[in-house]
Structures are given as structure tokens and as C-alpha cells.
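Taken in order, these protein sequences are the chains called A and L. For reference, each letter of the first sequence is one residue, going 1 to 432 in full-length UniProt numbering. For reference, each letter of the second sequence is one residue, going 1 to 303 in full-length UniProt numbering.
FYI, nobody ran anything at the bench for these hints, they're computed from the structure. Being a predicted model, the structure only gives us computed values, none of them experimental. Here a beta-carbon is modelled for each residue, glycine too, at the ideal position from N, C-alpha and C. Careful, some of the hints might be misleading.
Said to hold, decoys possible - Pairs of lysine-lysine, DSS-like flavour, derived with a Cα cap of 25 Å:
no.	chain 1	residue 1	chain 2	residue 2
1	A	K265	L	K52
2	A	K166	A	K131
3	A	K43	L	K267
Claimed, not checked - One side of the interface only, derived from the structure: several residues of chain A facing chain L at Cβ under 10 Å:
no.	residue
4	R96
5	D102
6	K131
7	E135
8	S145
9	V241
10	P244
11	Y252
12	V259
13	T286
14	N420
15	T422
16	A425
17	I429
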Amino acid sequence: MSQAVLETETAPAARMDLLRFATAGSVDDGKSTLIGRLLYDTKTIFADQLEAVEAASASRGDEYTNLALLTDGLRAEREQGITIDVAYRYFATPRRKFIIADTPGHIQYTRNMVTGASTADLALILVDARKGLVEQSRRHAFLTSLLRVPHLVLCINKMDLVDWDKAVYDKIADEFTSFAAKLEIGDLTIIPVSALNGDNIASRSENSPWYDGPSLLHHLEHVHIASDRNLVDVRFPVQYVIRPQSTTVTDYRGYAGQVASGVLKPGDEVMVLPSGMTSTIAGIDTADGPVDEAFPPMSVTVRLNDEIDISRGDLICRPHNAPAVAQDIEAMICWMDETAPLRVGGKYAIKHTTRTARTVVRGLQYRLDVNTLHRDEQAGELQLNEIGRVRLRTTVPLLADEYRRNRTTGGFILIDESTNRTVGAGMIIEAQ
Amino acid sequence: MSQTKPYRVSHLDALEAESIFVMREVMAEFERPVLLFSGGKDSIVMLRLAEKAFAPARIPFPVMHVDTGHNFAEVLEYRDTRVATLGLNLVVASVQEAIETGLVRELPDGTRNRIQTPVLLAAVEKYRFDALFGGARRDEEKARAKERMFSFRDEFGQWDPKNQRPELWGLYNGKHHPGESIRVFPLSNWTELDVWHYIAKEQIPLPSIYYAHDREVVERGGMFYAVNEFIRLRDGETSEVRRVRYRTVGDASQTAAVLSEADTVEKVIDEVAATRITERGATRGDDKVSEAAMEDRKREGYF
Ligand SMILES: Nc1nc2c(ncn2[C@@H]2O[C@H](COP(=O)(O)OP(=O)(O)O)[C@@H](O)[C@H]2O)c(=O)[nH]1
Ligand SMILES: [Mg+2]
Chain A
1 MSQAVLETET APAARMDLLR FATAGSVDDG KSTLIGRLLY DTKTIFADQL EAVEAASASR
61 GDEYTNLALL TDGLRAEREQ GITIDVAYRY FATPRRKFII ADTPGHIQYT RNMVTGASTA
121 DLALILVDAR KGLVEQSRRH AFLTSLLRVP HLVLCINKMD LVDWDKAVYD KIADEFTSFA
181 AKLEIGDLTI IPVSALNGDN IASRSENSPW YDGPSLLHHL EHVHIASDRN LVDVRFPVQY
241 VIRPQSTTVT DYRGYAGQVA SGVLKPGDEV MVLPSGMTST IAGIDTADGP VDEAFPPMSV
301 TVRLNDEIDI SRGDLICRPH NAPAVAQDIE AMICWMDETA PLRVGGKYAI KHTTRTARTV
361 VRGLQYRLDV NTLHRDEQAG ELQLNEIGRV RLRTTVPLLA DEYRRNRTTG GFILIDESTN
421 RTVGAGMIIE AQ
Chain L
1 MSQTKPYRVS HLDALEAESI FVMREVMAEF ERPVLLFSGG KDSIVMLRLA EKAFAPARIP
61 FPVMHVDTGH NFAEVLEYRD TRVATLGLNL VVASVQEAIE TGLVRELPDG TRNRIQTPVL
121 LAAVEKYRFD ALFGGARRDE EKARAKERMF SFRDEFGQWD PKNQRPELWG LYNGKHHPGE
181 SIRVFPLSNW TELDVWHYIA KEQIPLPSIY YAHDREVVER GGMFYAVNEF IRLRDGETSE
241 VRRVRYRTVG DASQTAAVLS EADTVEKVID EVAATRITER GATRGDDKVS EAAMEDRKRE
301 GYF
């Protein structure tokens, strides 16, 4: 492999921001090769890792250095030559730090893709130029939109094997664009690449003079994510109440949490849910001193001017812009448990922001075929990796927004109360 | 909304915010958390994050040192100073004591990394800790790359990689039955370089052995080990004084130093940014055993 030319001097850390992306593709589309390429071109693969991978490849009888072994870290994965679980990888350029959630492609791993996509700013889907769009590509695009990942990149890979034929690229790009149009995908970028040779990965390739878009790395470095955050709706789920038991700090009472959305400032009038009591912000503290404003994803401590009874699970918002205080929830659920299906009447613990309650499944409207998007209204249950629309009733109100408006106050998990396993992921459609 | 400037968040601020969030979740949902403190740079950063997460209150949980008895003097001294300044409660789980009481047996080669695990588990049982903060990072090792932020352990402290709870959004599931526990890794998404950038930004003091100094070392298998009470010269070996620093601090009998001129945090950052070898590959004899060495140890209940 040739090493792309990149700036390597230490970046001023304060100027870098953070982008999380999830990768998806069918087996053999070249996902591991692509990730290996990104790590290699950004000088992230270390010599001893490469050595270990080379040795492992050789002892398995692989003909080429199998970069997949870099990410397939579990014994079972190496033995079976497959990726089982979400693997996290890290690399950085002088502009950005990147966190890759590398998720396996098969339908039996929908759970993993959903997990990786839940926190992703961007999803990267791979297709093999020779095969074009396959069922899995559509499913991956659908999951990207379901999880509201703001940016999607389609890499049409192995362009070297179709002689960099523009017509092949155009056909796949057109087909994907029209499919994506049905899915409410915010921002779509399509890049022709050869992961193996590094074309259009770290720099633009001369093999595709007809392509005038960015290289993959350039796009990852420049895609604008700052405004993906919701800075309008103030949502501050209270995590923990800080009350020092000390002689030096007296009468301190602060509400610790991470800003889910919106901008909070001292002096702002706020409302506390579920009580509905109002007050004003006295100050916003961090260990580095008070701040003039707090916005996502800052972890801060908010003090109020009035003594109100507030505890974990409560939420601070603005009086005229509040989430629903709701016990009846309509949501899309991705079922994640292999031991038992979701059934109507099933009872679970539900964790939503910092609030935990109990819930019962009141109805299953339909199960969605994630490949065809067909809705099966006759379905009686959701098995592992199946997705459907359900109606839930909770024991106490959730302070909830639609997931499409707010990924933090719109998402929840279901927990089996006997095994304590996380069995489902939910995205709220409607709360009342 | 297109204000980018005023609402900018650097990657270090985003990582810090995430780690603080995780620590507060644990404090809110568990009864007896404890922070595993080795005196290494990752646990030092973790301690700083704990300080910041609960300010102006004190850190609301004790710290535990699983003491192999094979320590660098500088690290023990650092530990005791930090603990005193922060007014913390320190629990020491001593491997030496465990050997004396027969809980574990000294290995023929005298290394104590592996026999730490039963000592750790016995302390967890004794103090009934239900959440243990560890400083492991996912960039360190490929089994760790697959471990969750909240890593469930059964009543034997064992990790089952095929039976992990999915982690979505910031919704961590810490539910467990009595006797079971959760290992929590607030630094999961940090890299070695992030840790150093943070140490620089926060001006966190470190034990001096992290910076370049002259030391009597012996070269073994391409690694430089300090010659001291734990590592003695074998027949045919010679020692020499080299300028070195430590990239990780573990069991003093198994942790090697790297040749380095980096005697300030800025120089260390430059060095780490340019290095081509992972920190474990460069310094840990214990990880070289097999391709799945770490996975196996974690399954047994290791950190
Ligand atoms: N010719 C060519 N082969 C590729 C390219 N990308 C990947 N491959 C090959 O396709 C096969 C599968 O790649 P891999 O990265 O393991 O796919 P994964 O299953 O998606 O992770 C390997 O033999 C790769 O060398 C490419 O751009 N061009
Ligand atoms: Mg692969």
C-alpha cells in the first residue's frame, strides 16, 4: 500500500472536533478493507498491530494481509472469519477525531447496526460496484433514516473491477438516490472508490476524472455537523443532585446533567417537569467555573433561584417549549433479545433519558419488513432483529419528544426485569 | 441554526462531557461504586474527571488500588498524595497479603498480573462494590474495542463477550442482581493521544516516570526493563543507563520503558503522535502471550 500524504504535525487539540460514524455493508463488499485503508492512510495502524495481523493472516493461510483481523477482535470472530459485534475504532486528522462504530452487515446483526447508528453523526454504507444495490443496502439505508443519522455516505466500492465505468456509478447512484428520497435522508453523498487501491479514499483519484465530488476522507473531515444539534428546544434531564456535605461549601444545591438540546443561560425562565413549577436559572457551573451558556453535549450543573423539589429523572425546559408529559407512547421498536419475542401484554422496565419506569405493551400495529418496507399488520410478536410499531403504557409519565425532533428525549430502551438484559430500542413517534 | 462558532465543542470537551455523564449515571444508579486507581495516567485522568463530575462536592466514592506489591516508588508516592489532597477513602487490595493468606499462589515466574484477578474479586465481594470504574480504553487492545462502556460481570466477575448488552444513545443499563457487578469504562472512547492532550490541557501532574529520565535498564526482547528489586540481571545480561520514560505503568516486574527524550508533556504529545507502536505492544510483556490474551483474562474477571 502506498501512504497518502497527510499533515502529521501535532494538531492543536483545541481546534479539533469529534465525528462519530457507523459503517455498514454486506459481507465482502470491502468494509474491513475500507476501514483498514482509512486507518492506514491516516497513520493510525501501528507497526505492531500490522505485524500481528500479518502473522495471524499467514497462520490462517490468507493470501493477503487480512485487515479485517484488525477489527475482528474476539476469538470466535477470528475463528469463524466473521464480525459478530460492534467494534469501535479511532483515528484522527488535524481537523477531526473520528469514532467508527464498525457494525456487521447481515440481517441477524440489525441490532448491532441500530446500536452503532444510535449515536452516529454519519452512516457510511458500502456497495460492490459489480453487484449494485442489494437487499442489505436498502436495509442499511432504512436503518439510517429510522435512527435519524443526519448524514449518509454511499461508497460504491471496487470501481477498479468495473474499469471505473461512469455508467455503472450513475446507475447505482440514481437507483439509490430515488430509494433514499422515500426515506427522509437529510444529506446524501455518493463516492466511487476502490478501498483496496485507495482511490478517492484519502485523496481524489485520477481514475475518476468524471467524478467531481470530494474524497471520502475530505468529506468526513468537512461535513458540517455542528448544526445537526437541536439548539432550539431546551431539554436538560436531571441526572444527579449535587449537595456538598462540607463546611466550606454551604447551601449549594445544583442539578447535574448533560444538555440534550437547546441553549441554557443564567437568568432564563425555566420550567421543571413533571411538576410544572417554574423558576429562573441562577447559574450554570462546571468544575472550571461558571459558564454563560450551556449547549449540547456539555455536562454542567444548573442552579435555580427557587427552592423546588427536583430529583433525578426530572427535566428542565422552557415554559413555552416543553416535551410531552406522557404515559401513552407510540414508538418504533427494534427487538434485540434472542431468548424471547416482544408480545402484546409484555411488561418491561423502560429507561428514557435519566428516568426509569415500567411499561406494558398495549398493542403491536405492524411489523415492518426491513427489506421491502412492507407492513405486516397481522404480526403477533417481534422476534430478534425485527422492527415494528407498538403502543406502550408507562407507570409514570415520560418527558418525551418525537424522536425525529430529538434523538435524546425521543429514544428509550426496554429492559427485561428478570434477566436485566437490554431487549429493545425504541424511537418515539407520538407521546401523550 | 447555523451558528457554528459560539457553540463549538472540541473533541476533548466532548469526550470529557461524555465521561462525566457516565460517572454521574453510575453515582445515581449504584449503591457502592469504587474507582480502580493504579496510579497510571489513565486512572489519574479518570480521577480528575470524577473530581469535575461532582464539584463542588468531593468525589463521592472510594478508590481502590489492587496492589501487586511490584510498584514503582514514584507511583505509590503519587497515589498517597492525590488521595490525601482529595480527601478520598483508599482501599488497598494487596496481592502480597493474598499470597500470605493462601488466597492466591505466587506463579513460578514471579509475575503477578494474572493473580491480581482473584484479589480484585475478593475485595469486590468483601466491600460489596457494585460498580467499578476502570480506566481501560478501546484503542488499547482489540478485545477491549468490543467491550461496552457498562460491562456486565456475573457473580464470578466474568465477562462474556457474546452476551453483552447493546448500548444505545446515552442509555446505559446498569441493572444487576446482588453479587453481580458492572465494570464501567468512562475512557472507552479516548485514545492515548487524547489522554495526553487532556493531561496538557488540565495541567494534571503525573508520576515522574512518565517523563524522560536516566535509568539503569536491561534490554529483553527489544524492550527496556528497569533493573531494580523486581527485575534482576540474568546470566549473560548487562545493564546500561539509558534515557527512558514509561508509556504505561503496570506491575513493575513486567512493564517496560521506552527510549525517549520527552521530558515535558508537549514533547510526549509529539512523541505519541509520531509513534508507530501501540502502548501495550511497546511496554507490556503480559499482553504478548497469545492473540487472545486480553480476552481470556477479561473472561476470568480481569479489569
Ligand atoms: N478489486 C478490489 N477488491 C476489493 C476492494 N475492496 C475490497 N476488496 C476485496 O474484497 C474482499 C472482501 O473485502 P473485506 O474488506 O473483507 O469485506 P467485508 O466483508 O465487507 O469486510 C477482499 O478480498 C478484498 O481484498 C476494491 O476496492 N477492489
Ligand atoms: Mg469484514
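Verification of the hints:
1. A/K265 x L/K52: Distance ~20 Å between A/K265 and L/K52 Cα, so the pair holds.
2. A/K166 x A/K131: Holds - the C-alpha atoms of A/K131 and A/K166 are around 15 Å apart, at most 25 Å.
3. A/K43 x L/K267: Given pair A/K43, L/K267 holds - Cα atoms ~19 Å apart, limit 25 Å.
4. R96: 7 Å, holds
5. D102: 9 Å, holds
6. K131: Result: violated, 29 Å to nearest chain L Cβ.
7. E135: Interface hint status for A/E135: violated (23 Å vs cutoff 10 Å).
8. S145: Violated - the Cβ of A/S145 stays beyond 10 Å from chain L, reaching only about 16 Å at its closest.
9. V241: 9 Å, holds
10. P244: 4 Å, holds
11. Y252: 6 Å, holds
12. V259: 9 Å, holds
13. T286: A/T286 check passes; min Cβ-Cβ to chain L is 7 Å, inside 10 Å.
14. N420: 4 Å, holds
15. T422: 4 Å, holds
16. A425: 5 Å, holds
17. I429: Violated, about 16 Å.
Of the hints listed earlier, those the structure fails to meet are numbers 6, 7, 8 and 17, in rising order.
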